[in-house]
Each structure stands twice: as C-alpha cells, then as structure tokens.
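Please construct the entire structure, taking both the sequences and the accompanying hints into account.
Heads up: the sequence lines are chains A and B, in that order. Read left to right, the first sequence gives residues 1 to 476 (UniProt numbering). Read left to right, the second sequence gives residues 1 to 239 (UniProt numbering).
It is worth saying that the hints were derived from the structure and are not from the lab. Please note that a few of the clues may not be correct.
Said to hold, decoys possible - Interface residues of chain A toward chain B, partial, derived using beta-carbon atoms under 7 Å:
{"id": "1", "residue": "Lys161"}
{"id": "2", "residue": "Asn162"}
{"id": "3", "residue": "Pro324"}
{"id": "4", "residue": "His328"}
{"id": "5", "residue": "Glu371"}
{"id": "6", "residue": "Pro457"}
{"id": "7", "residue": "Ser458"}
{"id": "8", "residue": "Arg463"}
To be verified - No farther apart than 20 Å at their CA atoms in a straight line, the calculated lysine to any residue pairs in the SDA-like style are these:
{"id": "9", "chain 1": "A", "residue 1": "Lys423", "chain 2": "A", "residue 2": "Lys402"}
{"id": "10", "chain 1": "A", "residue 1": "Lys12", "chain 2": "B", "residue 2": "Pro183"}
{"id": "11", "chain 1": "A", "residue 1": "Lys402", "chain 2": "B", "residue 2": "Glu57"}
{"id": "12", "chain 1": "A", "residue 1": "Lys446", "chain 2": "B", "residue 2": "Gly182"}
{"id": "13", "chain 1": "A", "residue 1": "Lys173", "chain 2": "A", "residue 2": "Gln105"}
{"id": "14", "chain 1": "A", "residue 1": "Lys163", "chain 2": "A", "residue 2": "Ala26"}
Quick caveat, the model's predicted, so the values are computed rather than measured. C-beta atoms are modelled at their ideal positions from N, C-alpha and C, and glycine is treated no differently.
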Amino acid sequence: MPMKIENGPFWKRVEENLNNDFMRGAVAGMQDRGYVRRLGVIEELGHWEEWRSLAEQIRKHTLENLDYYLMQLSENVAKRGGHVFFAQTAEEANDYIRRVALEKQAKKIVKSKSMVTEEINLNPVLEAIGCQVVETDLGEYILQIDDHDPPSHIVGPALHKNKEQIRDVFRRKLGYTKSSDPVELARHAREMLRRDYLTADIGITGCNFAIAESGSITLVTNEGNADLVTALPKTQITVMGMERIVPTFEEMEVLVSMLTRSAVGQKLTSYITVLTGPRDEGDADGPEEFHLVIVDNGRSSILGTEFQPVLQCIRCAACVNVCPVYRHIGGHSYGSIYSGPIGAVLSPLLGGYDDYKELPYASSLCAACTEACPVKIPLHELLIKHRQIIVEREGKAPVAEKLAMKAFRLGTASPSLYRFGTKLAPGAFAPFVEDGRVTKGPGPLKAWTESREFPAPSKERFRDWFRDRQKGGNPS
Amino acid sequence: MKVSLFVTCLIDLFYTNAGKATVELLERLGCEVDFPEAQTCCGQPAYNSGYVKEAKEAMKQMMRAFAHADYVVTPSGSCAAMLKEYPHIFRGDPEWEEEAKRLAAKTYELTQFLVDVLKVEDVGASLHGRATYHTSCHMTRLLGVKDAPLRLLEHVKGLELVPLPNAHQCCGFGGTFSVKMGPISEQMVDEKIEHIEEVEADYLIGADCGCLMNIGGRIERLGKPIRVMHIAEVLNARN
Numbered sequence: 001m002p003m004k005i006e007n008g009p010f011w012k013r014v015e016e017n018l019n020n021d022f023m024r025g026a027v028a029g030m031q032d033r034g035y036v037r038r039l040g041v042i043e044e045l046g047h048w049e050e051w052r053s054l055a056e057q058i059r060k061h062t063l064e065n066l067d068y069y070l071m072q073l074s075e076n077v078a079k080r081g082g083h084v085f086f087a088q089t090a091e092e093a094n095d096y097i098r099r100v101a102l103e104k105q106a107k108k109i110v111k112s113k114s115m116v117t118e119e120i121n122l123n124p125v126l127e128a129i130g131c132q133v134v135e136t137d138l139g140e141y142i143l144q145i146d147d148h149d150p151p152s153h154i155v156g157p158a159l160h161k162n163k164e165q166i167r168d169v170f171r172r173k174l175g176y177t178k179s180s181d182p183v184e185l186a187r188h189a190r191e192m193l194r195r196d197y198l199t200a201d202i203g204i205t206g207c208n209f210a211i212a213e214s215g216s217i218t219l220v221t222n223e224g225n226a227d228l229v230t231a232l233p234k235t236q237i238t239v240m241g242m243e244r245i246v247p248t249f250e251e252m253e254v255l256v257s258m259l260t261r262s263a264v265g266q267k268l269t270s271y272i273t274v275l276t277g278p279r280d281e282g283d284a285d286g287p288e289e290f291h292l293v294i295v296d297n298g299r300s301s302i303l304g305t306e307f308q309p310v311l312q313c314i315r316c317a318a319c320v321n322v323c324p325v326y327r328h329i330g331g332h333s334y335g336s337i338y339s340g341p342i343g344a345v346l347s348p349l350l351g352g353y354d355d356y357k358e359l360p361y362a363s364s365l366c367a368a369c370t371e372a373c374p375v376k377i378p379l380h381e382l383l384i385k386h387r388q389i390i391v392e393r394e395g396k397a398p399v400a401e402k403l404a405m406k407a408f409r410l411g412t413a414s415p416s417l418y419r420f421g422t423k424l425a426p427g428a429f430a431p432f433v434e435d436g437r438v439t440k441g442p443g444p445l446k447a448w449t450e451s452r453e454f455p456a457p458s459k460e461r462f463r464d465w466f467r468d469r470q471k472g473g474n475p476s
Numbered sequence: 001m002k003v004s005l006f007v008t009c010l011i012d013l014f015y016t017n018a019g020k021a022t023v024e025l026l027e028r029l030g031c032e033v034d035f036p037e038a039q040t041c042c043g044q045p046a047y048n049s050g051y052v053k054e055a056k057e058a059m060k061q062m063m064r065a066f067a068h069a070d071y072v073v074t075p076s077g078s079c080a081a082m083l084k085e086y087p088h089i090f091r092g093d094p095e096w097e098e099e100a101k102r103l104a105a106k107t108y109e110l111t112q113f114l115v116d117v118l119k120v121e122d123v124g125a126s127l128h129g130r131a132t133y134h135t136s137c138h139m140t141r142l143l144g145v146k147d148a149p150l151r152l153l154e155h156v157k158g159l160e161l162v163p164l165p166n167a168h169q170c171c172g173f174g175g176t177f178s179v180k181m182g183p184i185s186e187q188m189v190d191e192k193i194e195h196i197e198e199v200e201a202d203y204l205i206g207a208d209c210g211c212l213m214n215i216g217g218r219i220e221r222l223g224k225p226i227r228v229m230h231i232a233e234v235l236n237a238r239n
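And the structure:
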C-alpha cells in the first residue's frame, strides 16, 4: 500500500464516504469517546500546557540537531552489533530490506504496525520475491486479509469497519465459523497469528522513538504484538522515518507519555518496549541480527523550510480525533494513508500538489487540531501556507477566485472604493433577494445557497446609520 | 473612555443591527464610540485563502484607519484574532511591524473588552427564553476568549442559558471553506443544529457573524423555529 490510495478524485471519494453512514457513526463515536478520555488523562497529569511546551522543545531541539543525533544513533546501533542503513528514497529502503530477506532466504515475515512501511509500499516488494508477509497489529491484519483495504486512521487503521464486516472478512478469508463478538474475533486472529510468529524468519517493526544515546528503539502497543515480532524471528528489521528520534531516555519518557495520552487517552499503553540491538549472550530471546532502516523519502527537503514543524509529529492522531472534517468524510477521502489534519499537511509535502491539492482546503481552519497537538505543530497555519503556495507558486487557484481576490484587494485597500462597492451591494443583490434573503445565489454564492439562505444586504449600511446618528439625523 | 469600533464588513453590510446594538451598549456603559470611516476588512478572507499579498493591503488600510485609536473594539472574535495576527504577518517589515504590534495590543473583542477592561459582567440586559451559546473556534482557540461571553450572558435577566453539547465543534463556516467544501460544511452545520435542537433552545447566541450567518442560514433553510442573535443584541436587549 503506497502513501497514495488509488480511489478516484477527491470529490468522488468525499461523496462515497459522506454516504457511508456506518463509517461516519464509527468515527463520530470514536471522536466523542476519545475526546472525553483524552481530556480526563490530560487533567489527571496536570500542567498540560507546560508539558506541551516541553514536548515541543524536545522535538524542535532534535530536529535542529538531527544530523548529530542520527549519527549518534547509528554509531550506538553499530556498537551493539546492529546494522544501519540510511535510505534516501522509498526504493532504496525497499531494496535494502529485500536484499536482507533474500540473503536470509526468508519465507515468512511478521510485521508490527508501521506507517512508514505503508508509505514506502514495502509489502508488495517482499511478496514479489515469494515472502509471505503477515501484519500482526489486529487492525492491520483485518485490512490485509480484506484484500489490502487501505488504513483510514493512523492509529486505528480499521476504524471504518464494524464487527459484522470483520466477521464476514474472517469467514471469507480464514474459514471462520463463529460470531461477530469482538472477543471471539480477536481470539481467532490471535490463534492464527501465534503460528505465524513461531514460523517467521524475519520480524519487521516500525519505530515510535529511536533513542540516540543508546541506539535503542521504542515500540508502543496495546496488543503486545510488537514484542512477539521482535522476540521470536531470528532477524529483526526496524524501519523508521528519519525524524522519529530522541536524544536520551529522559526525552523518550516525556514523549511516550504525551503519545499515549494523546493517541488513546491512556496514561500508558499495555506494552512499551525498548529494544537495543540483537540478542546478547545470555538473553532469553531476541533476534540474532538487527537492521535499522532510516528512511528519508522527502523528509530532509522539509527540514529548514516553513513546514519543518510538521516533522515534530509523533503520529498520535490527536488532530485526526478532533477534526470536524475528518469526522464526516473519514480517512479514505484524503486519498493518502496519512489522513486528517496531519495528512492534509504532510501528504502534499511528501506526495506533491498534483495528487493532494484539495487537502489544504479540506479544513475550516477551526484550529481544533492545533489545540490538540501534543507537540504544538501549528497545523492550521501550515494549511494556510499550503494554500499560499498553491496560489502563488503553483498557480493552481481557480480563475474566479483570483479575480475575486483582486477585487478584494482593490476594495479593501482603498476606503473610498470600499464605501462605493458596499453602497452598491443592495442593488447588486436585489435581483436575487426574496423576503430579505437570497435562496438561489449567483456565481460563488450558489455553493452557499445549495444548503443555506444568504442574507440580503441591509438597505442602510451600518456606517450610514452611524453617520446620520452623529449628525443627529435619524437615530433608531 | 473613547473606543474605536471596528464593526467588521459582515456587520457593516448585512448585520447592521448587531453593529447598532454594539454602539448603544458601549455608550450605555459610558464609552464614547468612534467609528473610523476608513476601515474596511481585517483581511481574513484573502489571508486564509492563501492570498497573503492581497490580504496585506487590507491590513495596512486597517492599521492606517485605527492609528489614532486608544482601544479598538470589535464584535467578532474571528476578526479580533486576525488583527492579533498582524505582528506575526508583518514581522521583519520595517515600515509596518511596529504599527502592527500597536494595533494588536489595543484590539479587543467586544465581550473581552466589557469583562476585562470595563470590568462589567451585568450590563443590565433582559431577554426571556431558553438560549444556548455557540463558542466560535477562532474566538476560543486563537483569541483565547472563553469565559467572558458566558459571564455576561449569565447576568441577562430572564435568560435561561443551557450548555450546547459538543460545543467545541466547528459549525462548518470556515470562510471560503463553506463554499469550497459546501457538502462537507453542510454536514457540519447540520450536526451543530441537531445539538441546538437537542437542548430545545429558543435562541442561538454567538459572537461571530460568520458562524451566525452559517448556522442561521441553515436554520432558515430548514425552517426551524430557532432565533439566531449576536451577543451584542442580547446584551443590548431590554425586554
């Protein structure tokens, strides 16, 4: 599954999803429950704004010194006997991992949840050399067996599916015969997956945070699947976006706490696993060989630009979980594995404006995302920056909008033109006004009056009333 | 105290009653109201659409128009938040940066001005009925004004104020979002109206005419018996 989801043009996707009542109910339910839970754990922690500032500071510091910390990380991984590979592109990352799989003559690979491997489209590369790739995160597992249905949420990838749909997928693909009870479904998946863990040649994981001072990686899950993926197979490959790094354990602890609270409203998740290199002598389990693949894939070209704050992201999805637009259109409407506000900012940066030019506009700029972000990414401001680039550099703005904005500039920069223009408004609107309102608007107003009345301009502008009143003329 | 009113383009043109109520209310509380005729628009429609150059021209005009003012008061949380952004937008511009800072520092949203500067919470208003208040996003999140409108409304005689469920959620206005993303905006405003109906409010009160135009326009289209009022009109009501 590459970053781009091939499901038609933006409006087709939106229309389909607006008609998907189940998905919308599931998303709204998740958002409403999550909102209360998140506020609860934030309050319990106390001093949330100070924690956010600290987390932001940690992320900013790390990004400003990214070369240093990446070097430190790779040296420490190597010291512990691990292999480090810097991949500039998705292809380089995939090639490296494929080479490892070929060398190990791998037949079966188990994976824990990783957005970056979705971004680089790793699974088909491994399948093409005859590997069976098994996703072990329950949500990812469901999507994988359902003919690679794309994820609709960066933390809960199968959010758009209900338990009956999941039961049907299990019946169709796994010969499942039991009910749609989530406990039974999960038990079945667990039984299937246990066999895979035991027989896999390679385990592939993502990485929540790499720790530079020790060369460790941190994995945060509620299912414990990442522990099995890293404990049993002989070879472990961890794939990380190049920005997913912290200087020391101290910063890791702060960010994990921000992550679990923001992502799922939990003080801590069930499993937080820190792994350092391959198995040492005397260790009971762990891989014999460890590879760390650090993926750039467009990230370094964001560094040093006005979009750098987006690299502060710790993939908690708090912005997605409060977004009123995501609430109604769901993840698949974004056409990218990165959905919601973070997806609307990140997808055009990693994938270009041709595919994602609508996303920066799929926001009312309500700033719920910016407010929720635990590392203070100014998401709604970055969306405005995208719009500015689309207008100024990409020249992709509609002609009517450009003309309207030209008129705006003329009318608002000159008080006399403004007065003149607004004086004309009631007359200009007159043909469309009925009972003091516009029901069928012309031009750009049409989109408004599709669903709403538009007010008719007042016969007397406020400024006329005020002037008359000052003159002692006609106070009302 | 002399206050300079930035009435906003929406009120100047469409919601003149909210503007009149603002003037009468401020005067009743002892202010002398000045209306600089050279004011136009805060620039937000252009700025938020990515037309920064165009927006800056409007912003410069606003800075010129209010250069003389001691206090700039505006009955819109969103426009006030935009004015507060000027220093950020003109950062490094030797000609305008200082003026932008001055304007931002002396700008207040109406309810913020009443509570924080005039130190009043009971303005002597009365309005009978059940009302709910829409907390507009820019006013609460960008301007940080959360309590002032509620404190003022709590003192309105006869008004039964009920909390709006999911109050934190955007009504779907978002300026050009409402027309560019019409079908999505419609779903958002419908959900807002469902919540307003849920609490059986007679009045929906707000402090931003953008949101009110959106929610009110949809309420009218659906023919719902809910009256939409700007908070200045409520605070100026005597019935």
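ask   = Checking against the hints above, which ones are violated?
value = 1, 2, 9, 13
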